[in-house]
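Going by my numbering, the first residue of the sequence shown is number 5, and it counts up by one from there.
Among the hints, erroneous ones may be present.
[Said to hold, decoys possible] When the alpha-carbon atoms are kept at most 20 Å apart in a straight line, the in silico DMTMM-like pairs for lysine to aspartate or glutamate are as follows:
hint: 1; residue 1: K122; residue 2: E136
hint: 2; residue 1: K225; residue 2: D250
hint: 3; residue 1: K265; residue 2: D84
hint: 4; residue 1: K187; residue 2: E296
hint: 5; residue 1: K111; residue 2: D254
hint: 6; residue 1: K111; residue 2: E43
hint: 7; residue 1: K60; residue 2: D84
hint: 8; residue 1: K26; residue 2: D239
hint: 9; residue 1: K265; residue 2: D250
hint: 10; residue 1: K290; residue 2: E212
hint: 11; residue 1: K261; residue 2: E296
hint: 12; residue 1: K193; residue 2: D277
hint: 13; residue 1: K187; residue 2: E136
hint: 14; residue 1: K60; residue 2: D50
hint: 15; residue 1: K187; residue 2: E246
hint: 16; residue 1: K224; residue 2: E201
hint: 17; residue 1: K47; residue 2: D103
hint: 18; residue 1: K26; residue 2: E43
hint: 19; residue 1: K73; residue 2: E43
hint: 20; residue 1: K205; residue 2: D215
hint: 21; residue 1: K111; residue 2: E213
hint: 22; residue 1: K193; residue 2: D254
hint: 23; residue 1: K194; residue 2: E246
hint: 24; residue 1: K105; residue 2: E212
hint: 25; residue 1: K261; residue 2: D277
hint: 26; residue 1: K193; residue 2: D103
hint: 27; residue 1: K193; residue 2: E213
hint: 28; residue 1: K73; residue 2: D7
hint: 29; residue 1: K122; residue 2: D103
hint: 30; residue 1: K284; residue 2: E296
hint: 31; residue 1: K194; residue 2: E169
hint: 32; residue 1: K224; residue 2: E212
hint: 33; residue 1: K31; residue 2: E55
hint: 34; residue 1: K26; residue 2: D84
hint: 35; residue 1: K225; residue 2: D67
hint: 36; residue 1: K224; residue 2: D103
hint: 37; residue 1: K193; residue 2: E221
hint: 38; residue 1: K193; residue 2: E136
No wet-lab data here; the hints were simulated from the structure.
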Amino acid sequence: MVDGWSNIRNEAVLNFVVTTPKPFLFKIMPTGTAPHTAEYMAKTLDAVIREIVPRKVFGIVTDNAANMKAAWALIENDFDNNIFTYGCFAHSLNLIFTDLKNLTSLKSFTAEAVSLTKAIRQSHILSAWVKEKQNELKISCSLKLPVPTRWGSLDRVQGYIMLLEPIANTITSVEGDTPTISKCLHLFKKMVNTSLENVTKSPLLSKEEADTRAIFENRKKFAIYSVHFVANLLDPKYRGCELSSDEMTDATEVIYKVAQKMPDVDEAAVLADVVNFIAKEGLFKKAFLWNEDTIAAILASQSILH
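Produce the entire structure from the sequences given, and follow the hints as far as they go.
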């Protein structure tokens, strides 16, 4: 995983994190005066991949910057082995938040809430009253978020929470050092379905409801890739049960193409194994293979880079 940022001296830096599956910081690289073009990023990624050893690299994860996405194609052309390039799932969720925040209704509501929050913070009496109510309700958080300004505002607050909370919960689910890409598709579909079920209960205008649906559809293009379909299909917990027919075809095609690139591998036999895996037939008919401890042991044995 690669991400760019600026240090306290405002110097451009690239961070490279390797997941094995436990993540660790592999390298911090100052870029000096070099412009972060697609060619530069591809060259830098190429060097890091070769330092790690190409056969140990499964995928490259970046944000949605145009230069990064252009570098993906260059990297894929540089290596004969199977290296997947895809976007950061958590980053895509934050982009959805940003898009929704810019809807007229939400922007107006946020402005009202910020104004009220400032008014309370600037008044000793109001601040004391809020603290008193928090103590009564046993609420320990400070006043940071939008709050109601009129009798009808509470309904708006609840409506926006119902729209945005599924996204916040999904971000929480993928934070940390142990998330797996196999559950990204499940989480994304659950998030979208829940938010869209609640969108009609929110204070959004009719046009904004349509815009919300378009936002989810547009950001899905960066959040979900073929590699997510494959991971979902091959995860014993899911076995592709949530994949559409098109997604299943996509995943199967990717598996076939990956097998083609591997030496001494019969791609037809691989597809047969996948079919048996999904149906729990053949070797996968054995009940002990689906025991959680067995699955954990198998995954652990494959986690070491060798």
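To see whether the hints hold, each was checked on the structure:
{"no.": "1", "hint": "K122 to E136", "verdict": "holds, 18 Å"}
{"no.": "2", "hint": "K225 to D250", "verdict": "holds, 15 Å"}
{"no.": "3", "hint": "K265 to D84", "verdict": "holds, 8 Å"}
{"no.": "4", "hint": "K187 to E296", "verdict": "holds, 16 Å"}
{"no.": "5", "hint": "K111 to D254", "verdict": "violated, 39 Å"}
{"no.": "6", "hint": "K111 to E43", "verdict": "violated, 38 Å"}
{"no.": "7", "hint": "K60 to D84", "verdict": "holds, 13 Å"}
{"no.": "8", "hint": "K26 to D239", "verdict": "holds, 18 Å"}
{"no.": "9", "hint": "K265 to D250", "verdict": "violated, 23 Å"}
{"no.": "10", "hint": "K290 to E212", "verdict": "violated, 51 Å"}
{"no.": "11", "hint": "K261 to E296", "verdict": "violated, 30 Å"}
{"no.": "12", "hint": "K193 to D277", "verdict": "violated, 27 Å"}
{"no.": "13", "hint": "K187 to E136", "verdict": "violated, 43 Å"}
{"no.": "14", "hint": "K60 to D50", "verdict": "holds, 13 Å"}
{"no.": "15", "hint": "K187 to E246", "verdict": "holds, 11 Å"}
{"no.": "16", "hint": "K224 to E201", "verdict": "holds, 18 Å"}
{"no.": "17", "hint": "K47 to D103", "verdict": "violated, 32 Å"}
{"no.": "18", "hint": "K26 to E43", "verdict": "violated, 29 Å"}
{"no.": "19", "hint": "K73 to E43", "verdict": "holds, 11 Å"}
{"no.": "20", "hint": "K205 to D215", "verdict": "holds, 15 Å"}
{"no.": "21", "hint": "K111 to E213", "verdict": "holds, 15 Å"}
{"no.": "22", "hint": "K193 to D254", "verdict": "holds, 17 Å"}
{"no.": "23", "hint": "K194 to E246", "verdict": "holds, 10 Å"}
{"no.": "24", "hint": "K105 to E212", "verdict": "holds, 11 Å"}
{"no.": "25", "hint": "K261 to D277", "verdict": "holds, 15 Å"}
{"no.": "26", "hint": "K193 to D103", "verdict": "holds, 18 Å"}
{"no.": "27", "hint": "K193 to E213", "verdict": "holds, 18 Å"}
{"no.": "28", "hint": "K73 to D7", "verdict": "holds, 13 Å"}
{"no.": "29", "hint": "K122 to D103", "verdict": "violated, 25 Å"}
{"no.": "30", "hint": "K284 to E296", "verdict": "holds, 15 Å"}
{"no.": "31", "hint": "K194 to E169", "verdict": "holds, 12 Å"}
{"no.": "32", "hint": "K224 to E212", "verdict": "holds, 18 Å"}
{"no.": "33", "hint": "K31 to E55", "verdict": "holds, 11 Å"}
{"no.": "34", "hint": "K26 to D84", "verdict": "violated, 26 Å"}
{"no.": "35", "hint": "K225 to D67", "verdict": "holds, 13 Å"}
{"no.": "36", "hint": "K224 to D103", "verdict": "holds, 13 Å"}
{"no.": "37", "hint": "K193 to E221", "verdict": "holds, 11 Å"}
{"no.": "38", "hint": "K193 to E136", "verdict": "violated, 41 Å"}
Consistency with the previously given hints fails for numbers 5, 6, 9, 10, 11, 12, 13, 17, 18, 29, 34, 38, ordered from lowest to highest.
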